[in-house]
Amino acid sequence: MRVKWLKAFLVATTAIMPLVAIGEGYAVAQTAQNRVPYHIPAQSLASSLSAFARASNYKIAYATSLTLGKMAPAIEGNYTAEDVLERLLSASGLSYRFTGEKSVSIAAIGQQDAAFQAEGTTLLDTITVTGGQGIAAADAPYSTAAPTAYISEQTIDRFRGSSPADIFRGTAGVMSAEARNGAGSIDVNIRGMQGMGASNHHRWCGKRHQYLSGLSGHIQSNLCRS
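Just so you know, the sequence shown maps onto residues -23 to -1, 1 to 203 in mature numbering (1 follows the signal peptide of the UniProt record, and there is no 0).
To be clear, the hints were calculated from the coordinates, so they are not data collected in a lab.
Simulated restraints on C-beta separations:
1. 137 x 41: 49 to 57 Å
2. 14 x 105: 21 to 29 Å
3. 137 x 113: 19 to 27 Å
4. 85 x 31: 19 to 27 Å
5. 48 x 76: 23 to 31 Å
6. 135 x 20: 52 to 60 Å
7. 41 x 133: 47 to 55 Å
8. 134 x 51: 52 to 60 Å
9. 135 x 42: 53 to 61 Å
10. 40 x 122: 37 to 45 Å
11. 104 x 47: 17 to 25 Å
Every residue gets a Cβ at the ideal spot worked out from N, C-alpha and C, and that includes glycine.
Build out the structure end to end from the sequences listed, making use of the hints.
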C-alpha cells in the first residue's frame, strides 16, 4: 500500500508542477509586455514627451506652455509607461494621470484641469492644424480679383496647332491673330482690342508694346507688370 500511495503521489505532483510553471510564465509575460524599450536622450521636455508617445503609442494631452524652458533626463532601457512619465516629470513641477487605456493628461501639480475633470467630456485625438498660401497655378484665376487665365502644359500639347499663336485660342480675354505675318512670331492682344496685325505694336494688359517676333510660343512674364 505504501508503494502504491507513493506512486500515486509522484504522478499527481508531476501533473501539477507544469501547470504552476505555465501560470508563472504567463504572469512574467504579461509584465514583460508592459515594458517598452526607450532610447530618449536628455533634451527638452516637449521633445522627450513626443519621443515617449512614439515609442509607447500613448496619446498625451497638455498645454504647450507647461513645457516651455523645461528639460528632461535621458531614458535608456525597458520601462513601463508609468516609470518613464515619473522620470520625465520628476523635476518639472508637473503631474500626469491616465485618462484612458492609451491616453495621458499632464497638468501642473495641484492644478484642477476642468477640461478633463468635467463629467461627460470626451478626450479627442491630437488635431494638427497647418496653414499656408500655396495655391496651384490652375486654381490661381479663381483666387484673385484680377482677370487671369491659366493654360496648362497638357492643353498646349493637345491643341498645339500650326503656329505658336494657336495656344491662345479659346483663352478668355485674349485675342490671337492668324500669326502668318512672321515665321514663329506671336501677334496677340491681351485685354486690348487694337493693334492686332495692324502695326508693329501690341497691347498687353491694355498698354502698347513693340511687336515681338521669334518668340516661338514663349511670353515674358513681366510684360503685364507696371
